[in-house]
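What follows is the residue order along each chain.
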Amino acid sequence: MSSKATIYSFLFLGLAVTALLIVAPVVYAVSLSFYQMDSFVGAPKWAGLDNYTRMLSQWVFWRALINGFIYSFGTIIFQVVLGIGFALVLNQVFPGRNIVRGLSILPYLLPTVVVVLTFKWMVDGSIGVLTTMMSALGLPQVQWFESPGAAMASVILVSVWMWTPFVTTTFLAALQTVPSSLYEAAKVDGTNAVQRFFHITLPMLKPILTVIVLLRAVWMFNKFDVIWLLTQGGPVGATEHLAILSYKQAFGQFDIGGGAAVATISFAILSLVVFIYFRLFPLDTE
Amino acid sequence: MTRSSPRSLAGRVALYAAAALIAVYSAFPIYWMVVSSTRAPQALINSTSLLPGPFTWEYYTNLLELTDYPSQFLNSLIVAAVTVVVTMVFSIMIAYAVTRHRIRGKGIIVGAMLYAYMFPPLLIAIPMFSIFAKLGLGDTLTSVIVSHLTLTLPLGVWFLWGFFKSMPFELEEAAMVDGCTRLGAFLRVVLPLSLPGLITVAIFSFLLSWTDYTYALIMIGSDANKTVPVGLASMVGSFDLRWGEIMAGSTLIALPLFGAFALLSQYFIQGLGAGAVKG
Chain A
0 MSSKATIYSF LFLGLAVTAL LIVAPVVYAV SLSFYQMDSF VGAPKWAGLD NYTRMLSQWV
60 FWRALINGFI YSFGTIIFQV VLGIGFALVL NQVFPGRNIV RGLSILPYLL PTVVVVLTFK
120 WMVDGSIGVL TTMMSALGLP QVQWFESPGA AMASVILVSV WMWTPFVTTT FLAALQTVPS
180 SLYEAAKVDG TNAVQRFFHI TLPMLKPILT VIVLLRAVWM FNKFDVIWLL TQGGPVGATE
240 HLAILSYKQA FGQFDIGGGA AVATISFAIL SLVVFIYFRL FPLDTE
Chain B
0 MTRSSPRSLA GRVALYAAAA LIAVYSAFPI YWMVVSSTRA PQALINSTSL LPGPFTWEYY
60 TNLLELTDYP SQFLNSLIVA AVTVVVTMVF SIMIAYAVTR HRIRGKGIIV GAMLYAYMFP
120 PLLIAIPMFS IFAKLGLGDT LTSVIVSHLT LTLPLGVWFL WGFFKSMPFE LEEAAMVDGC
180 TRLGAFLRVV LPLSLPGLIT VAIFSFLLSW TDYTYALIMI GSDANKTVPV GLASMVGSFD
240 LRWGEIMAGS TLIALPLFGA FALLSQYFIQ GLGAGAVKG
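Protein chains in written order, with numbering that gives the first Met the number 0: chain A, 0 to 285; chain B, 0 to 278.
Calculated from the structure, these hints are not laboratory results.
Check each hint, because a few of them may be wrong.
Just so you have them, the derived chain B footprint on chain A, three or more residues with Cβ under 8 Å [to be verified]:
{"#": "1", "stretch": "52-58"}
{"#": "2", "stretch": "62-73"}
{"#": "3", "stretch": "194-200"}
{"#": "4", "stretch": "229-241"}
Here are the simulated lysine-lysine pairs, DSS-like style, with alpha carbons at most 25 Å apart [said to hold, decoys possible]:
{"#": "5", "chain 1": "B", "residue 1": "Lys164", "chain 2": "B", "residue 2": "Lys105"}
{"#": "6", "chain 1": "A", "residue 1": "Lys44", "chain 2": "B", "residue 2": "Lys164"}
{"#": "7", "chain 1": "B", "residue 1": "Lys133", "chain 2": "A", "residue 2": "Lys3"}
{"#": "8", "chain 1": "A", "residue 1": "Lys186", "chain 2": "A", "residue 2": "Lys205"}
{"#": "9", "chain 1": "A", "residue 1": "Lys205", "chain 2": "B", "residue 2": "Lys105"}
A virtual CB, placed ideally from N, CA and C, is assigned to each residue, including glycine.
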């Protein structure tokens with residue numbers, strides 16, 4: 000086979016696979032949002048913008064949107080702050096450092112199901128280890144999933160535990176790229192560790208931090224499994240965000256058009272947020 | 000230690016305390032999962048001891064003998080293995096074509112792949128479910144594998160794109176001057192040299208597929224075809240809650256991941272730094 004033929008056959012396959020797996024489903028999903036369908040095998044009826052007006056006129060939609068923002072902001076802030084803090088500690092020299100570094104990544108490897116089930120077991124009403132520990136310490140009983148506020152806090156807590164290691168690991172790797180001469184010079188100038196962090200480390204790592212925050216924001220906004228497994232969006236919709244709403248519409252009520260419309264809207268919002276974000280924090284690396 | 004000033008005692012104590020806190024925070028739930036999965040039933044309900052024991056294997060034997068867990072474990076293995084192989088084959092070809100030739104269409108592929116990072120899961124799951132239902136392939140492992148590919152392929156192409164880009168053209172040109180065809184140069188020179196990148200892609204594809212709950216939940220209806228994450232989650236909803244068995248099942252899904260991580264942690268960390276992401 001000639002050189003050109005090899006490359007072109009690779010490229011053709013690439014285009015075909017991309018079209019089939021990535022482009023086609025999304026185009027199909029968007030087109031479904033303009034049809035009315037009561038079952039996945041039934042005949043679609045053209046509905047124009049009905050699905051959109053119907054979803055947008057329901058307050059459940061707006062509640063889901065707000066919940067999604069609360070969940071994403073809450074999880075991102077804690078992940079980033081904790082992750083940076085962990086990375087700074089793990090960047091120091093101490094005996095057993097590699098073991099602690101390894102342990103700090105483990106939560107990220109676990110399947111969501113495992114994390115959620117273990118958490119539920121740990122906070123189980125009377126015999127969970129966290130429950131008994133907290134009552135031994137004299138702390139009040141927490142109803143983790145009963146009240147709206149507590150349910151949202153639980154969902155955020157579990158998510159932060161799972162996804163902090165991503166921030167820790169990427170930030171720790173980035174810390175290695177800051178030249179130590181900068182710190183030495185700053186030390187000579189009589190700065191303290193906090194000043195060095197805010198005036199050297201953070202500015203140097205701003206590009207990578209920009210990417211980390213964006214990636215985390217996108218993934219957290221789209222997160223479905225952890226919330227579904229913990230609360231199914233409850234109690235009374237307190238943790239229901241757009242992904243859960245879309246799932247419930249399409250697979251719970253068999254309102255496929257409505258579910259597709261919600262998924263399309265959430266993708267549009269995400270694209271818009273990413274666009275604005277890059278306007279605010281342009282990547283100055285090429 | 001390269002730092003010039005020796006730490007004060009108070010500083011060292013604070014550092015060790017912080018490190019210990021990170022270790023306990025990260026590892027305790029995992030430790031507790033394993034401890035619970037081996038603790039005898041009476042103690043599981045009554046004991047407040049944080050140390051392991053009294054031991055039992057009964058949850059494991061129950062799980063393996065009385066439930067669908069073994070066959071679901073096999074389903075998960077099949078799905079993950081096929082996903083990894085297909086991802087590798089296509090992402091290698093696409094990434095190579097995209098980096099090695101100035102051709103139209105390459106922007107579309109890379110752009111689509113990057114955009115696919117942002118797809119809400121339901122934006123893929125709804126049309127996939129509908130398509131597979133119409134094809135009569137609903138509730139099959141194939142449908143799960145195809146939906147996993149929408150996650151793993153963008154990751155593979157994106158990561159290998161960066162990897163191949165940094166590899167000099169001269170390598171293949173030298174091989175081609177020596178009489179290799181383009182394909183031969185690719186197979187004998189480029190692929191072996193990209194092994195670290197390929198391993199990273201394999202790890203993350205496996206991780207994404209093995210840990211996925213969302214797509215398997217939507218695509219699979221019957222107990223026999225469930226993957227372990229979905230099978231295990233549905234055990235919680237059943238009439239009597241058996242925490243011992245559930246923790247045993249959780250341990251068995253997590254262990255292969257920890258084993259792989261212990262062996263391959265360098266690739267894993269390298270991949271995270273270069274934009275290979277799981278959720």
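Checklist entry - Taking 25 Å as the top limit, are the C-alpha atoms of Lys205 (chain A) and Lys105 (chain B) close enough? => result violated, 30 Å
Checklist entry - Quick check: the stretch 229-241 of chain A, covered by chain B? Criterion 3+ residues, Cβ under 8 Å. => result Check failed, 1 qualifying residues.
Checklist entry - Lys44 (chain A) and Lys164 (chain B): Cα distance at most 25 Å? => result With Cα atoms ~47 Å apart, Lys44 (chain A) and Lys164 (chain B) exceed 25 Å; violated.
Item to check | Coverage criterion applied to the stretch 194-200 of chain A (partner chain B; beta-carbon cut 8 Å; 3 residues) | outcome: violated (count 0)
Checklist entry - Are the Cα positions of Lys133 (chain B) and Lys3 (chain A) separated by 25 Å at most? => result violated, 39 Å
Checklist entry - Can the restraint linking Lys186 (chain A) and Lys205 (chain A) be considered satisfied, given a maximum Cα separation of 25 Å? => result Distance of about 21 Å is within 25 Å: holds.
Checklist entry - If you look at each residue in the stretch 52-58 of chain A, do at least three have a Cβ nearer than 8 Å to any Cβ of chain B? => result It is violated, with 0 qualifying residues against the three required.
Checklist entry - For the stretch 62-73 of chain A, does the count of residues with a C-beta closer than 8 Å to a C-beta of chain B reach 3? => result Three-residue rule not met by the stretch 62-73 of chain A, so violated; n is 0.
Item to check | Agreement of Lys164 (chain B) and Lys105 (chain B) with the hint, judged by alpha carbon distance not exceeding 25 Å | outcome: It holds: about 13 Å lies between the C-alpha atoms, which stays within 25 Å.
In the structure shown, a violation is registered for the earlier hints numbered 1, 2, 3, 4, 6, 7, 9, in ascending order.
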